[in-house]
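Fit chain B to the known structure of chain A by using the hints.
Chain order of the listed sequences is A and B. Residues in the first sequence are numbered consecutively from 1, following UniProt numbering. Residues in the second sequence are numbered consecutively from 1, following UniProt numbering.
Worth flagging that the hints you see were computed from the coordinates, not collected in a lab. All of these numbers come straight from a predicted model, not from anything done at the bench. Misleading hints may appear alongside valid ones.
Unchecked claim - Chain B stretches covered by chain A per the calculated footprint, using a threshold of three residues with CB under 8 Å from any CB of chain A:
{"no.": "1", "region": "10–20"}
{"no.": "2", "region": "119–128"}
{"no.": "3", "region": "168–177"}
{"no.": "4", "region": "280–286"}
Idealized CB from N, CA, C, for every residue including glycine.
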Amino acid sequence: MNPSFKIWFILVCFFCFNVQLQLGVDEGYTLMVSKNNELSIVGAATIEANTVYGALRGLETFSQLCAFDYLTKSVQIYKAPWFIQDKPRFQYRGLLIDTSRHFLPVDVIKQIIESMSFAKLNVLHWHIVDEQSFPFETPTYPNLWKGAYSRWERYTVEDASEIVRFAKMRGINVMAELDVPGHAESWGTGYPDLWPSPSCREPLDVTKNLTFDVISGILADMRKIFPFEFFHLGGDEVNTDCWKNTTHVKEWLQGRNFTSKDAYKYFVLRAQQIAISKNWTPVNWEETFSSFGKDLDPRTVVQNWLVSDICQKAVAKGFRCIFSNQGYWYLDHLDVPWDQVYNTEPLNGIHNPSQQKLVIGGEVCMWGETADTSVVLQTIWPRAAAAAERMWSTREAVSKGNITLTALPRLHYFRCLLNNRGVPAAPVDNWYARRPPSGPGSCYAQ
Amino acid sequence: MDEIRYETLFVATDTSRHYLPLPVMKNVIDSMTYTKLNVLHWHIVDTQSFPLEIPSYPKLWNGAYSPTQRYTFEDAAEIVNYAGRRGIHVLAEIDVPGHALSWGKGYPSLWPSKNCQEPLDVSSDFTFKVIDGILSDFSKIFKFKFIHLGGDEVNTTCWSTTPRISKWLKKHRKTEAEAYEYFVLRAQKIASSHGYEIINWEETFNNFGNKLNPKTVVHNWLGTGVVGRVTAAGLRCIMSNQDKWYLDHIDTPWQMFYANEPFEMIKDEKRQSLVLGGEVCMWGEHIDASDIQQTIWPRAAAAAERLWTPYTKLAENPDKVTTRLAHFRCLLNERGVAAAPLVGGGRVAPFEPGSCLAQ
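One chain only, chain A, in its complex shape (with noise of 0.2 Å):
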């Protein structure tokens, strides 16, 4: 009688313990698994990896490799033996969360980070203020979360706490952004200086040294929490009309000479410098590359969401990029289906391999204006999981063709593996995203 074939694992992990969690951490991994009563002196399912990251991934697709058996009552590895050797084709691969549009309560965003783990997604992008809200704990300036929609709807700095070390645990860093100066009428609930007038609040005063002292002290704040490289301070769709119009302001870019579109750069510039100084790389949304390129930090990523070809021009002006493109990787945009989302390649139109490597990586972006807690889950996937391929796959590796063929049946098994997790996974066949199912039906075929 045949003993039920019992896995023994090796896990070998050259630097497991001395690596930082960081953009470019070697996040490759060799799987090895061998087949029952092969002639195999190891017998087991072996993963290599040269830092605790690697063997992370490797053990998330072991985990999906395993399947139960609804026969045999155990769980079995199929089409045994593997040799998977695979390291990510681009260092960053993220998730926006808004959390000023609606708050999202700590559990749920750690089911969002947990989720993310299975498609190796490694970094969540925390938009965390905005317009409507400031749901965050700022003790330099404590204020600031009367902004919240309610006294409870905040984050205190434990829980962001808690939030980056549940991400960690999962081999995700988490970037924090602090929107300037647009998307910041809130922050005026708890300090109304910082309005241009009590009629006119976005975006921020760039006349007072306030805002910049207030800056500095939420980064202040934010530099004990986010070890992330990366600080993004947003800069996109400012609105300078309350500059113009606000008696002050308008006297004080008189006096500089500035227009106001002069005073949108220097408040970016000064706001980069803030975060450089914290030792942060600061990350800009794209408008500020397109209205005053030349002269941001040469540090600066810039991050596209508006125009398409943006991060072509940026490579070629040095900057690095992150792909967001609008038009295909934002999830609020319910009206793409996900053969858009993996047919969306963030290289397309740049050649220069040099370039080429400035894109650093894309990201799929939650917006919250219509998703909160009862929604986020099932617009999320699994569209992000269609990015989270693109952007992991090699470009050779990625499907083409007629992918209904090819990648779909592949989407159709991991949506239903989210299921199964828990992951409330929106059915993949619907055009329109989250959506309920059509009518009866398996899970592999809806």
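For chain B alone, coordinates are given in the frame of chain A:
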């Protein structure tokens, strides 16, 4: 002092129209405890799929959507155990003779014919052997004193149009309606023999109420009228009138869930005591792991308050409840339960940014 008004407060889930993985079932069970709901009515099998392992008849789960969209016997025991530790009973339902097409994937002889696959073949003893096997297996894991035998929406056409069965009907001098009655009563006897008390959907009462096992609990769903008649006949009742307590009807707003009063039809106290409780039903045609929790919540909570709270403490005007329900919905969110906004029927997405408490 807090005491429950009704004995049983149910939520029904349907794992035949869509398979619900174990973590999802557990999430539903956890969320039930937050509103003191105490019975999970598990509508396991239906036309579309048969996902549960039945050791006595191991081919039955060939009717599952796929080899992996299944519950092993151990899975089912685990759900019962998980619920039990949270003070929640699991009421298993095996719906017969209708809603049973999926049984024939593993045992085609249960179908009247290859082209006419519902209801289960009333003329065959094998049918009842299988029911007996199922209930025998059930008795090992489903320890709640009740079992639900379904009996709803029985379209007997396939009996009269299949020669073998129409012959049987003639031989036993039964009309189709009488055969339906015969089927239900025979299934009831089998369930009793395994120590269960029986629940059936209301059509059984509507068609042959005086023939039902006298301890039958009638499960209302069609309209509210039947509750009065059931209790007048001395039978117990569970309320789930579909116009107000069907969660899959997403155009039913929470206010209607709240306002649904089981005693509206019954003023006599003795008869009121025959109303065991009520149930909100999460039918699965358009519900799968991706959207179940936001369809159940927060509307089920409105019904839960109706069932738990003494009549005199309930709000007469549901709008007075809005703040508390919003608060509760946000509490659910805090606990990782994807409860939907209050505004606008079931499972709507929020249409703009805003505080959890105000949406």
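Comparing the hints with the structure gives:
Restraint check on the region 10–20 of chain B versus chain A: 4 residues with Cβ-Cβ distances below 8 Å, three needed, restraint holds. With 0 residues bearing a CB less than 8 Å from a CB of chain A, the region 119–128 of chain B misses the requirement of three and the coverage assertion fails. Counting residues of the region 168–177 of chain B whose C-beta lies closer than 8 Å to any C-beta of chain A gives 0; at least three are required, and the coverage claim is violated. Coverage of the region 280–286 of chain B by chain A holds. Counting CB-CB distances below 8 Å, 3 residues qualify, and the rule asks for three or more.
Going through the hint list in order, the structure does not satisfy hints 2 and 3.
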